[in-house]
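Asker: From just these sequences and the hints, can you work out the full model?
Chain by chain, the residues:
Protein chains: 2
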Amino acid sequence: MTNRRGLLIILSSPSGAGKSTLSKRLIEWDPDISFSVSATTRKPREGEVNGQDYYFKSHNEFESLVKNGEMLEHAQVFDNFYGSPKGPVEYAINAGHDVLFDIDWQGGQQVRASALGKHVLSIFILPPSILELERRLKTRAQDSNEVIAGRMVKSRDEISHWPEYDFVLVNDDLNETFGRLKTIISAERLRISQQPELVDIVRTLNNEFEGRP
Amino acid sequence: MTNRRGLLIILSSPSGAGKSTLSKRLIEWDPDISFSVSATTRKPREGEVNGQDYYFKSHNEFESLVKNGEMLEHAQVFDNFYGSPKGPVEYAINAGHDVLFDIDWQGGQQVRASALGKHVLSIFILPPSILELERRLKTRAQDSNEVIAGRMVKSRDEISHWPEYDFVLVNDDLNETFGRLKTIISAERLRISQQPELVDIVRTLNNEFEGRP
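Chains as they are written, first to last, in my numbering: chain H, 245 to 457; chain C, 245 to 457.
In short, the hints are calculated from the structure, not lab data. Where hints are given, some of them may not hold.
In this list, chains with the same sequence are indistinguishable; a pair is considered to hold if it fits within one copy or across any two.
The list that follows gives simulated cross-link-like pairs (lysine-lysine, BS3-like), each with its CA atoms no further than 30 Å apart [stated by the list, open to error]:
id	residue 1	residue 2
1	Lys-301	Lys-426
2	Lys-263	Lys-426
3	Lys-268	Lys-287
4	Lys-268	Lys-426
5	Lys-362	Lys-426
6	Lys-398	Lys-311
7	Lys-382	Lys-330
8	Lys-362	Lys-287
9	Lys-301	Lys-268
10	Lys-362	Lys-398
11	Lys-398	Lys-263
12	Lys-426	Lys-287
The structure presented is a predicted model; accordingly, all values stated were derived computationally and were not measured.
Answerer: Here is the structure:
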């Protein structure tokens with residue numbers, strides 16, 4: 245039986261809207277969904293494993309990956325590059341696994357425009373309110389006020405790109421939003437493009453028509 | 245708040261695959277889904293109500309509806325015409341209701357090609373096997389062997405059009421298939437095209453950004 249081809253699931257949102265929690269829950273929910281492992285030029289931190297947390301690359305290696313069209317998307321953050329290598333994603337979706345991308349609108353645009361763009365399912369998570377978004381960032385208590393202010397500016401920019409996505413969920417209630425995410429992914433798998441086995445099923449039905457008494 | 249625009253839900257299948265039961269369950273499940281009432285030139289039967297069971301039309305009336313582009317699809321069956329009038333469907337979807345079409349591939353093609361084609365969600369139901377399909381037609385015990393044989397020929401033709409649909413469900417188990425139908429419709433309503441209220445939601449979020457202390 246032919247495997248379905250996996251989906252590239254893009255999940256974007258301003259930070260604090262619940263994206264990380266929802267992503268983790270998705271991975272736990274279905275072993276057929278895995279995170280896209282990013283490549284980066286930054287140095288590995290204590291305990292980080294190459295190929296699991298990141299693919300650690302030199303600047304030269306990263307540049308040649310980009311030049312050879314082997315990155316689905318990439319961006320520069322200060323002095324370092326980050327990006328999503330195409331190879332592992334292609335391998336996963338050809339084996340019938342979905343790959344989850346926790347990326348921003350710029351990454352989303354690049355992945356949609358890539359060779360694997362037609363396999364993209366993109367979902368944007370909106371916060372119920374901006375005060376709530378700011379409150380969540382502050383209660384994390386991991387960032388300075390300056391960093392939070394910067395995130396809020398980036399959030400506004402991020403939110404402005406919601407119309408580029410297939411689906412938008414307003415994350416009022418985490419359980420409800422997670423339920424909707426599962427509904428979207430479950431439905432998408434019932435599309436004919438996600439059921440290559442239909443060709444064989446219909447061939448069998450036709451043979452049965454021929455073989456009837 | 246802006247209403248979402250309803251969907252034209254096309255459900256097609258060979259007869260005996262479970263389409264009628266699934267349609268009835270959908271209508272019961274969600275009061276926002278209603279059947280498209282067909283127009284026909286055939287005479288009303290005992291107890292049939294105009295505008296509820298059918299819109300009963302004279303041949304002349306029907307022809308002028310077709311000529312004026314007021315039928316989403318139509319077909320001739322022996323001496324009578326049957327079809328789906330556009331007006332009531334437009335009215336329903338503009339009020340945020342989904343309209344369910346129990347039509348064959350020929351009707352499906354016409355509705356997709358119509359002015360409302362971009363609001364179509366189309367689902368094809370396959371039987372688990374042809375023997376099972378024939379068994380179901382026979383146990384209905386309402387048709388002669390000749391009629392059943394005719395239906396089987398039509399079934400084969402109908403099945404050959406599965407690739408024209410958005411989704412295909414193999415109806416192995418009625419409850420499971422119904423669950424999948426609900427999943428597909430629930431997911432479709434989360435598409436940005438089905439959530440016109442997002443524009444207002446994002447406007448409110450932007451105002452909150454402006455108004456922060």
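Asker: Determine for every hint whether it applies to the structure shown.
Answerer: Going down the list of hints, with the structure as the test:
{"no.": "1", "hint": "Lys-301 - Lys-426", "result": "neither (34 Å within a copy, 46 Å between copies)"}
{"no.": "2", "hint": "Lys-263 - Lys-426", "result": "both (14 Å within a copy, 25 Å between copies)"}
{"no.": "3", "hint": "Lys-268 - Lys-287", "result": "within (24 Å within a copy, 60 Å between copies)"}
{"no.": "4", "hint": "Lys-268 - Lys-426", "result": "both (13 Å within a copy, 25 Å between copies)"}
{"no.": "5", "hint": "Lys-362 - Lys-426", "result": "both (20 Å within a copy, 25 Å between copies)"}
{"no.": "6", "hint": "Lys-398 - Lys-311", "result": "within (28 Å within a copy, 55 Å between copies)"}
{"no.": "7", "hint": "Lys-382 - Lys-330", "result": "neither (35 Å within a copy, 53 Å between copies)"}
{"no.": "8", "hint": "Lys-362 - Lys-287", "result": "neither (33 Å within a copy, 49 Å between copies)"}
{"no.": "9", "hint": "Lys-301 - Lys-268", "result": "within (25 Å within a copy, 58 Å between copies)"}
{"no.": "10", "hint": "Lys-362 - Lys-398", "result": "within (28 Å within a copy, 34 Å between copies)"}
{"no.": "11", "hint": "Lys-398 - Lys-263", "result": "within (15 Å within a copy, 49 Å between copies)"}
{"no.": "12", "hint": "Lys-426 - Lys-287", "result": "neither (35 Å within a copy, 48 Å between copies)"}
Of the numbered hints given earlier, the model fails hints 1, 7, 8, 12; all others are met.
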